[in-house]
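> Now for the letters of each chain:
Number of protein chains: 2
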Amino acid sequence: MPVPDLHTIMDAAERIKPLIHRTPLMRSAGINKLLGTEIIFKCENLQKAGSFKSRGACNAVFSLDAGQMSKGVGTHSSGNHAQALARAASLRNMDAYIVMPETSPQVKVKGVMGYGGRITFCKPTLQAREDALKEIIKSTGALEVHPYNDYRIIAGQATAALELIEEAGEVDIMMAPVGGGGLLSGTALITKYVSRNCLVIAAEPEKANDAYRSFHEGRFIPSENPKTIADGLLTSLGSLTFPIITEYVDDIVTVSEEGIISAMRLIWERMKIIIEPSSAVPLAAIIENKLDVKNKRIGIILSGGNIDLDRLPWSAHS
Amino acid sequence: MPVPDLHTIMDAAERIKPLIHRTPLMRSAGINKLLGTEIIFKCENLQKAGSFKSRGACNAVFSLDAGQMSKGVGTHSSGNHAQALARAASLRNMDAYIVMPETSPQVKVKGVMGYGGRITFCKPTLQAREDALKEIIKSTGALEVHPYNDYRIIAGQATAALELIEEAGEVDIMMAPVGGGGLLSGTALITKYVSRNCLVIAAEPEKANDAYRSFHEGRFIPSENPKTIADGLLTSLGSLTFPIITEYVDDIVTVSEEGIISAMRLIWERMKIIIEPSSAVPLAAIIENKLDVKNKRIGIILSGGNIDLDRLPWSAHS
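Chains as they are written, first to last, in the working numbering: chain F, 828 to 1145; chain G, 828 to 1145.
For reference, chain F alone in the conformation it holds in the complex:
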């Protein structure tokens, strides 16, 4: 399968349409005034299962043929992909085998169980996660659906930016956070396909800056010991996402932890919506003057809204 082209992404959009929310666009007069720009937020925090991950997961699961379907799908994830995949599989009456670290927050475990996912707990190391998944796949024949290093996933994630442009018209800059690069790859592809002159700029936490370094040094650098509140952005780029990002993304900038918390709180206070820290990273880049936004129209994908309400970042600071 080649890099998703416009046709493939349009197909994905059609395929997942009945399975997901067409999430609203939101604007904040207060934030625009504060920052001297015009920002259009695509609210994937209001997406089914709480994040854009439902797009890719639905596209992958509903692309499977009957033979693959009968054996189910599997992944290891403690995050939004786990819930999204469990939900997508349940919509197609398939099994979803989810390997989760035994340290996963209760709220995420409950989320996966709520969608009927079959959970296997393992030690909280990448090795243990991969081993456990391999074992399950061997015994069940389930198909692994990787959270980002998969073209069907990338094509699905692309549909968020597509909807933004369809509804708001062209923007000058399109922004997304970057972790493994699934959302960013999809966003970059579709933006350049339908709006050639739009800049695509990603934002990443300074404390998990592997994509920033990989992009600027022109070679793959894995994420090493990342420590950021943006827990959706801890992963390294993949072998499929890195080349797309190299070719289609115009810049990657980094932001401080304080910037992420400020941006998140600004959105909560002004827009009255709940976003998780990862979603706040692009706005943090604007607040920290990491790009020129003066009088520009900017699209930002707010990636998700899954957060533990008992552990808000400002509680520790107040």
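Bear in mind the hints are in silico, worked out from the structure with no lab data behind them. Incorrect hints may appear among the rest.
The list treats identical chains as one, so a pair stands whether inside a single copy or across any two.
To be verified - Once the Cα atoms are required to be at most 27 angstroms apart in a straight line, the calculated BS3-like pairs of lysine-lysine come out as:
1) Lys-937 x Lys-860
2) Lys-961 x Lys-937
3) Lys-1034 x Lys-935
Since the structure of chain F is provided, determine the placement of chain G on it from the hints.
Using the frame of chain F, we list chain G on its own:
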């Protein structure tokens, strides 16, 4: 001016249309499944200035003739009406004189200042507030715009339920919280005008149950020493709202503080939107089985989203 009729409310809707958000309706498959019902939420937490109060304030301010305009408007309020009135006045280049208790949370003071309101601080008693406002009105000639005991305000608040019914079609039960009764009066009037068979049911905190008692005992009982987390619902009914509620509302039920906090948290977690405690009161009534909702379609006005993020009710409980 008589009780607002359908024509008056439609006029208000037309008048305020360019001045407010047409807020979205939201549904949660998870909450519906949990409660065995279908709830349609009208998201006034996403309204301009963070609450439905912008509807009434805009209707009142934009109903004024040129003579009244030149002298400005005034009110005493530490809550959402203060911000909404300051905003509405600024849109019409008028002065807004806002009397606020010196103990008002900083976030609310900043909100009013952000809209250009002229604040006078006073001691935190009703007497001091009324005296300070009287003084200002005497010296400026400003017109007092009461937060709820005013037919223009009531007609404005009615437009939220009107939009809900326009967009979602008829519902079996329409719910709103009740404090001073402005939102409830407007909601009840328009619901009965356009959807005669729909039940209108209000919910109120047990610990601020003056409307419940007034309604069921058939005589006005003022709010005495109310103590509830739902800080938008502390006020007593007014001389204009009580008769409308008596005639047009089918029932008022009460809920516990724990129910309010649970309902608020459920909405935050499942719907990823920020609502203030007062907004959660109708859902709390459903959670606490205060009405029969089985297989019913229910409309709920989520009244507002202004809350101090440093003092969330579950922080104290965790």
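> Looking back at the hints listed earlier, which ones does the structure fail to meet?
none
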